[in-house]
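Enquirer: Top line first, the protein sequences correspond to chains A and B. The first sequence begins at 529 in my numbering and counts up by one. The second sequence begins at 39 in my numbering and counts up by one.
It should be emphasised that the hints constitute simulated quantities derived from the structure, not laboratory data. Just so it is clear, CB atoms sit at the ideal spot from N, CA and C, and this is done for glycine as well. Check before you lean on any hint, since a few could be wrong.
Reference listing, derived: stretches of chain A covered by chain B, where coverage requires no fewer than 3 residues with Cβ under 8 Å from a Cβ of chain B [what the hints assert, rightly or not]:
id: 1; stretch: 556 to 565
id: 2; stretch: 573 to 584
id: 3; stretch: 804 to 811
id: 4; stretch: 830 to 841
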Amino acid sequence: MKPFQDGKRELFMEAMKESLRLHYEKCGLYRKFCQKNNFDPYGSYTLEDIPFFPVSLFKTVKLISVDEKDVVRIVNSSATTSGIPSTIYLDNVTAKRQVKALNSIMSSFIGSERKTFIVFDCPETIKSNDGKLASRGTAIRGFLPFSKKMIFLLNKDLEIDRDALKQIEGEKDVCYLGFTFLIYQIMQKYKSDTEIRVLKNIIGSSVLHLGGWKKLQELNISKPTFNKELARFLNTDERKVIDVYGMVEQLGTIYPDCEFGYKHVPVYSEIIIRDMETLKLVKEGEEGFIQLLTPLPHSYPGISVLSDDIGVIVKNDECGCGRKGKAFLFRSRAQKAEQKGCGDTIQQHTL
Amino acid sequence: MFRKIFYHGKIYDEESGDMDGLVAELRSCLPYLHGLKVDELIGFFDALGKHWSQDPEMKKRFGPMLKHWVDFMSTNNLAMMVDTALRRRDSLDGFVKLNDRWTEGENKIEGVEEHLRPQIHLPANGVLYHAQPRGLAVHWLAGNVPVLGIFSILESLLTKNVNLVKASSKAYEDLITLLDSFNAVSTPKVKGSELVRTIAVILVDRNDMETNEALSMNADIRIAWGGHEAIETIVGLRKRFYTEDIIYGPKYSYALIAGECLDDYKKLAQRLAIDISVFDQNTCSSPHTLFVEKGGKISALDFAKELASQLSLVNRTLLPKGRTEPGKVMDMLAIKSKYEMLGEVFSSEKNEWMVVYSEEEVLAEACFSRVIFVRPIDDVNKLAGFNDRHMQALGLAMGKERKFGFVDKLTVRGVDRCPAIGQMIFFESPWDGMFGMDRMVRWVTCHE
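For reference, chain A alone in the conformation it holds in the complex (with noise of 0.2 Å):
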């Protein structure tokens, strides 16, 4: 099956009820959130009946639907909002079913054929630590498959090593990783620094970043600003700089920009968007919440998740770029709610 075609909603309401389910046998916990909900996996349903909980529930439940002997891998996500990551329990079904997503989706924004990668990041990244890896470094990990050879750009100090652009040099068919904030900085601090000029010899490569916008949106620069600047700093065009959006809870599912800048669903995958303050459902082209429906997990119960970026689903089956499915756009991700007032209390005093 094609990553992008229409007429999967039959096929991936089976597979979601298949999902709904085991995780409802297998997670005590998933059973009774489901049971609170009056949510009955062997009734009947649609896709939008199937409750949710917010992705921020890995911070502080851990949940997970198989043995712990089965688990091969335990992925950490940034903690960039609320510095405590969540916690991902992965076995082998869903690691490679997410690789097996995630190279169908990336084969159809860069080729199935291999190219040598060049990583805005450090090779001390990908390595895991007693099993447990950071998020940056999953995400790395997951774009392996599509590599003939990776180099990394940075050292562990996260600034340019100088043999790696030694490396670089000759290199032609590449494609570019990192997360976007990290670029970004070192976009600022090298853009005059003429020892980079190996990175501008190579032209119109692609450039995948991730990791989303929050900081940058801090710093009050704009998505066009960021592509323009980029393309300018890596010799490229503008329409190939793609930001991929996705998230550790939902690893392999992942929503690359097409060349129209629009995000499109894959068959593994669904979204709705959610009313931001009464979590229904929004009138077509409104913008809302984003949820998230898959049934690649296995191991744990993220088959239905709330995140707290804003989207709009802005087309279906029928952008320029020739892919079918639902297509969206990343509006901004939902403000932290302040509390600035004389009961803003302190964390450590509560539990």
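Chain A is fixed; fit chain B onto it per the hints.
Expert: Frame of chain A, contents of chain B only:
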């Protein structure tokens, strides 16, 4: 730079950089205030309260809080409050004896009520006392609960200080409305239009450290209402050596219902619902966790259900909740989902309120926005372990037999107020463990 929004008794909107000029004008009003008697000021505030209570617009705008303000501003309450804070309120008007004492006679007669027992007069030692104003009080008000600032302004005026108020740019209209109403009230001794000229309200960008520092350096009293970050910033500003600081917040409050009080659980749930709803838990005096002692007429879980129905009632009939911010909706959903797995949750469909039941004997992290955590407790003495100076109020329902001994032990390390449930959010003096007015004056002595 700053924006003058209330000045000379009028609503303004004017950019200015002349802090010295503004401060000089305010300071020039000190002799006017000094010439007023404290009872004349109290009489004015009583009249102002009555004016508010008769204004339908005010009633509509401020809801149940208005009654609290009017009660607070009554002559009886203010006179008692100033007397308590300053020993004798007329110490604000001139030199008075404070150390005349009456003590109980030695020959106690068993069975005679305390107030009928013989008293012995101990004459003063010849020292006279006078409470002089400190001068300029600068108030930094919090964005979430701007009207709380009216209390520190009233206390400052009663102690005859002039006032420069740095309001929050997000929420200052209510405060301005209250101050503007001074103009409409006059008593035989105090014209509101004159008194209000002793107050100016400005807006300052939070990142404008130069202006914030100028405010601080001009202050004789720094009064700060706010969260952790705001207070830390204000306290960190340079100040003059003799400037007095009065810090209100950040603090946490919680509540306890003892087993013997659960017979009256419906009334307690009604009152607690008010404490939770009035400021949507944004004030330091709003409860976030309720402990229910085991062994009473109903269980903590049943109390949680009753509280849920009272919160629903308050939201429908008395205090409809405004819009909930998207970020807060997500916070509430995270708590709801967690405790649907680990406890019990009772909530409204549109996120107006939430009661979260679990059997954790710890204080819950505050969510605000009418989210209350209800937890059973077997030994109420365990609460003492949670207390330090970050705790403000413990709303308490407990039989008199053990209440005072319990409160004494509980408050050794922290907790400044133990009001009855239903009274938690009402401002009183002392607040946050101090008599604000006592810190707004300089005590001057003179010998007879």
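Enquirer: List in ascending order the numbers of the hints, as given earlier, that are violated by the structure.
Expert: Structure breaks no hint.
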